[in-house]
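**Q** What follows is the residue order along each chain.
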Amino acid sequence: MTVTDNPTSTRRLNTSKAMVEAIAAEMDANPEVFYLGEDVGAYGGIFSSTTGLLDRFGPERVLDTPISETGFIGLAIGAATEGMRPIVELMFADFMGVCLDQIYNHMAKIHFESGGNVKVPMVLTTAVGGGYSDGAQHSQCLWGTFAHLPGMKVAPSTPADAKGLMTAAIRDDSPVIYMFHKGVMGLPWMAKNPRSIDVVPEGEHIVEIGKAAVAREGTDVTIVTVSLSVHHALDVAEKLDSDGISAEVIDLRSLVPLDRDAICASVAKTGRLVVVDEDYLSYGMSGEVVASVTDRDPSLFKAPPVRVAVPDIPIPYARPLEYAALPRQDRVEEAVRAVLR
Amino acid sequence: MTDVQFPVMSQKDPTAAGVVSTWYVADGEQVAADQLLAEVQLDKVDVEVPAPCGGTVHLSAEEGAEVVQGAVIARID
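Line by line, the protein sequences are chains U and X.
For the first sequence, position 129 matches number 129 in this note's numbering, and the numbering has no gaps at all.
For the second sequence, position 49 matches number 390 in this note's numbering, and the numbering has no gaps at all.
Incorrect hints may have been included.
[To be verified] To list a few chain U residues with every Cβ distance to chain X over 10 Å, as calculated:
| hint | residue |
| --- | --- |
| 1 | G203 |
| 2 | E217 |
| 3 | A265 |
[To be verified] If you want a taste of the chain U side facing chain X, the calculated C-beta under 8 Å gives, among others:
| hint | residue |
| --- | --- |
| 4 | T10 |
| 5 | R12 |
| 6 | I197 |
Hints are computed from structural coordinates only; laboratory data are not their basis.
Glycine included, every Cβ here is placed at the ideal spot set by N, Cα and C.
Can you make the complete structure from the sequences, with help from the hints?
**A** As structure tokens, this is what we get:
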């Protein structure tokens, strides 16, 4: 038998388990870290964001809350300003409407309004995204809306980074909104997504928030995207490879801070840009990514950039209509071919 | 050689069958003791299957396959 130095170096987890591993490690290391939200205790999070945490840490550190987002997010903000490190879950990003004042007027502004004297070291976790027929009020990403409001960082994550970004988010002294797409969690009851299972480093693992990753190197066209759309973009890039098209895929990892250097560096190489965003088209991430290039040097573009996003409509429930609205592989491929014409 | 069985999840029905929903290891891979091998489902309940020991894992059930609880789904040499 061959003995390798570290036989567990290929240990794989799905995104939800990687996220939970990071939370558990930080809760172990720091008694100020606790988790609260709806169905995060016995149920383990409706998208498995907290599986096993109640058994391990007990009901004083893993709190099931009533359906009262303003109340319990406010509780987390208060705890954070007093020096604790709460992680508070908003079950769906779509529900931000009932508690937005706490999020953008309090969580995001207390540090500024206190003249920098009060820190708000908390994480707001929330499930985002569609593709599984959950209707217009449970399928949105809305990260463009969060990212538009100053004072917060936003960190959607791919499976390999779920652990490292969560560790960084918990340790950050400013509020971080950690948006996990249901389609990357690797849940057995969702559509199979092989990219939601990957090698996850054991022990401490930190990914700096604000640094994009080159998910795949290429030379003909740059696809800039985030979260589940990274998986779709990689599917398309692999398919187009056999047609002699070399696509580079940039995984932004976070919208705030936005890694504009990485975007420009890639476009400087390829001259062609496709932005894929599973959020609404107008006034959102896709326009911001394009502006990141035009603000610096519009001459980098050999062709007009193409944006693939959710059209400005509510996301339909009916699967064929929903798939038509979402930026899935078919629309990404079409855009890549168009920008190369 | 150690067999890895589909865990017994239903005491009521010894012949109950479940599904190997996800393999976290590839056939022939080196695994460590307690490393996550698979997730299985029975009656909408998920259970993780860790490696009982270290070694080379050989899978004997396809992902998505229906398996009676207690049946061997992998072997570790």
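**Q** Now look at each hint and say whether the structure bears it out.
**A** Cross-check of the supplied hints:
With a cut of 10 Å on Cβ distances, G203(U) stays outside the contact zone with chain X, its closest approach being about 14 Å. The beta carbon of E217(U) sits about 25 Å from the closest Cβ of chain X, which is more than 10 Å, so the claim that it is off the interface holds. Non-interface call for A265(U) relative to chain X: holds, since the shortest CB-CB distance, roughly 34 Å, exceeds 10 Å. Taking 8 Å as the C-beta contact cut-off toward chain X, the hint placing T10(U) at the interface holds, the least distance being around 6 Å.
At its closest, the beta carbon of R12(U) sits 5 Å from a beta carbon of chain X; the interface hint therefore holds under the 8 Å criterion. Hint status for I197(U) relative to chain X: holds, with the closest Cβ pair at about 6 Å, below 8 Å.
Checked against the numbered hints above, the structure violates none of them.
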